[in-house]
Amino acid sequence: MNATILGPSRFGLGALGHAAPPADPRAGLLAELERYQPAPAPIAGLPGSGPIIRDLAAALEERKEQRKAQRQSGRDKAAADSPPEPPAAMPMMQAMPAAPAKPGEAAPSPELKAARAAVRDHYLAAVAARTQVALVSDTPFAERLVHFWANHFAVSVDKLQIIPLAGALEFEAIRPNLMGGFGDMLLAVEQHPAMLLYLDQAQSVGPDSFAGQVAGRRGKRQVGLNENLAREILELHTLGVRTVYTQQDVTEFARALTGWTVAGLKPSKVLPTDRPGHVFAPLIHQPGERLVLGRRYHQAGAEQARAILADLAVHPATARHIATKLARHFAADDPPPALVARLEQAFLTTGGQLPALYRVLVDSPECWTGAKFRNPWDWGIAAMRALDIKTLPAKATSGLFTTLGQQVWKPGSPAGYDDTAAAWAAPDALLRRVEAAGRVGQKAGVIDARALAERLYGTTLSPATRVALAGAESPAQAVALFLVSPEMLRR
Amino acid sequence: MLNRRQILTRAALVTAGSFVPRLALARPGTERRFIFIIQRGAADGLSTLAPMGDPAYAGLRRELAADYAGLPLIGGMFALHPALKEVGGLYAAGQALFVHAVASPYRDRSHFDGQNVLECGAARPYQLADGWLNRLLPLLPAAEARALAVSATVPAALRGSAPVTSYAPSGLPDANEDLLQRVSRMYATDPALHPLWGEALQARSMAGDLAKAKPGGAAEAGRLVAQMMQGPEGARVVMIESNGWDTHSAQKARLNAQLGGLDAAIGALRDGLGEAWSQTLVVVATEFGRTAAANGTGGTDHGTASLAMLLGGAVRGGRVLADWPGLAPAQLYENRDLRPTRAVDAVIAGALAEHYALDPARLAARLFPGGIGKAEGGLIRA
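Chains as they are written, first to last, in the numbering used here: chain A, 1 to 491; chain B, 1 to 382.
Accuracy of the hints is not assured; some may be wrong.
Far from chain A, by Cβ distances over 12 Å, these chain B residues were calculated [unchecked claim]:
hint, residue
1, Pro125
2, Ala143
3, Ala145
4, Asn176
5, Arg339
6, Ala382
Distance windows between CB atoms, simulated [what the hints assert, rightly or not]:
hint, chain 1, residue 1, chain 2, residue 2, range
7, B, Glu199, A, Glu289, 56 to 64 Å
8, A, Val446, B, Asp271, 29 to 37 Å
9, B, Glu199, A, Gln213, 32 to 40 Å
10, A, Gly399, B, Pro55, 52 to 60 Å
11, B, Glu199, A, Pro110, 44 to 52 Å
12, A, Val467, B, Asn176, 14 to 22 Å
13, A, Ala23, B, Pro141, 53 to 61 Å
Within a straight-line C-alpha distance of at most 25 Å, the following computed DMTMM-like cross-link-like pairs (lysine to aspartate or glutamate) qualify [claimed, not checked]:
hint, chain 1, residue 1, chain 2, residue 2
14, A, Lys64, A, Asp184
15, B, Lys252, B, Glu177
16, A, Lys443, B, Asp113
17, A, Lys395, A, Asp448
18, A, Lys266, A, Asp200
19, A, Lys443, B, Asp67
20, B, Lys252, B, Asp67
21, A, Lys443, B, Glu63
22, B, Lys85, B, Glu63
Keep in mind the hints are simulated off the structure, nothing from the lab.
By construction, the Cβ of each residue, glycine as well, lies at the ideal position given by its N, Cα and C atoms.
Work out the full structure: start from the sequences and follow the hints.
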């Protein structure tokens, strides 16, 4: 396939239906790196994580009030016997809209309903903004990189606190650092309230910290160290699984991270109440020197974990890990070793300057051959860009990707969505795409799919697709067939 | 079941056009109604109204012709497809008029282009941006010009400057099965997608009929449309899209289902419209016909002339209009298709002119500037 046709789908988000193909695809991609906008209008107009945390706090408070009132009423023994606090990871997105009351549970109060709606609306608005930017962007290579990194540093909205904050992580930590150093992005992500809440860092307390000692004397056993974030930083965000770290490194890193928390979610004696968001709380930080990957960190307070992160960000294992993931995303499910080596080298020589890696990708022949199977997000966005659909109602957007099997920001695990065909090229998923394409075709209006396919794929269009489009029984059916053609399913 | 007001409210939400005056005073005026049903995909006129009296027919159609053995002939040589029970009843009651061997000016065999010519009324595809049905609306009294498209979007025939609304009842039969079959063909040569798709279809068939259209869906749709055409603020001009007529294979079963659905919808329209049926004109037409001969997969391929049906209490029916061109090899168009001897645009323009008491020549020129025939007369009861 020639570069003019492959470029917009491999590197970008799929060609826009009306746009002329790029004259020089490689130069065009490199120019995008200069033109990229960290905060385009739909995103700039959203509230930041501060106001979102206030709304989230209100929802949590209302829920607590309701439970309290219910327990006090004591009219139903079964309700009183049920666990007073749900496990943190339990509430699903689906549970957020006013769910019917369970037996023995009072119907949600109007205040709780409103608070839940506010939380859900933050999510829907963020999904809509992300989609809106993707649909119209003229720097789609940069936008693909945003999506790549957001998936590398994945949070998942199957946890209540993450529902309103997942978008903010992408908008506040990923986007501003897209053209910077890997270490800058890493630090911004690990300090973001969404990540601190998702991987339980916010509750992690150093056993020998002031607060830890007080709690220990009072016999509060649940207060203590949580290793979740420390482990996932080593395993997923930086070095990679089964590389150079040990359990001892995880524990030591977790100790160093204590104090990195989120203010504003609930009344607190140790946290500031006037500025919701990430804070360092010295009263819960584990004092003392730490030993991580054989290196001693004697810094005090927040500087300690910062120093560890800075070293992790330029570690050779990190370079290899990031190089492998980028190569998998832009070249092939089985990353070509030569490309991985080139990316790794660029990472190490520049200290993880991300644009240097992006240039290697554009300049590498491995990224200009073969085909990647589009995941549902990629496919949905590419389909809408091809049809020049510029905007979509928030609920419809969220619903579309859920139906296609990839709810936005809900990979279900901190490992993010899988980046290989095996995860997405499944029978039912394919059927759903065909059904969705049928519906989109019906609503697409007057579009000649034959001409569109010609414009987007030219002479590379396969005979099978050409025959299918020419023989379709209606323009709407031809649009549907084009959207699920082998060409459109891949990038 | 929604009541009519709810349906109208929902319909009004679908498009900005909406029904114009929400509470238009019931003008002392006529109750004339017009329904255009487009059969997308090239419906086989030679099966809908089979020319059993043509000596070449049985040989060309082989097993496809078997269904008509022993059926009574109408117009001296035609047998109506057995699935068309309601339509047959209308014919017997003098409310169905068949016009055979008709075609638009279009002579190639692309569905899109053919439908575009049929719907826009130009001589060539994409020459006109608006459709003939929309151009009709300003010529009608306001009370009779409230137009509705029964589909998710407004189809080309109804597109234009006159306000139109659209509403798609969920029960409308769709071409889902057909789309799936076409996807199968498109993936046949793709080593990764072909097996995946096979599994998907297998799983789907195991899931049973849940994914398929409900039986009775077409009748339900017909009832719904009739309901939306009732009352002083109901629609008076309606376009219904019927998909799934592109029967390249397994035509016998598919056409049986397609015609059965169409027939049920028409029966439901007649019942639902009640007294208004007597002043209703329904035109059923398709972009082109199918090959005279059956192909190797139990179906037929894209052809040229086909059948148009005029139905309703307003129609001077009980007749077949045909200058039968014959099906012998020398009589076929390009040695393969039924040769067109009448113009579908002349039929539609002529019927509408009589239905709405408009000047036939001027109406034909306005609706079908690319038309090839003189507006036909004597189609509607005086």
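Violations among the numbered hints: 1, 4, 9, 14, 17, 19 and 21
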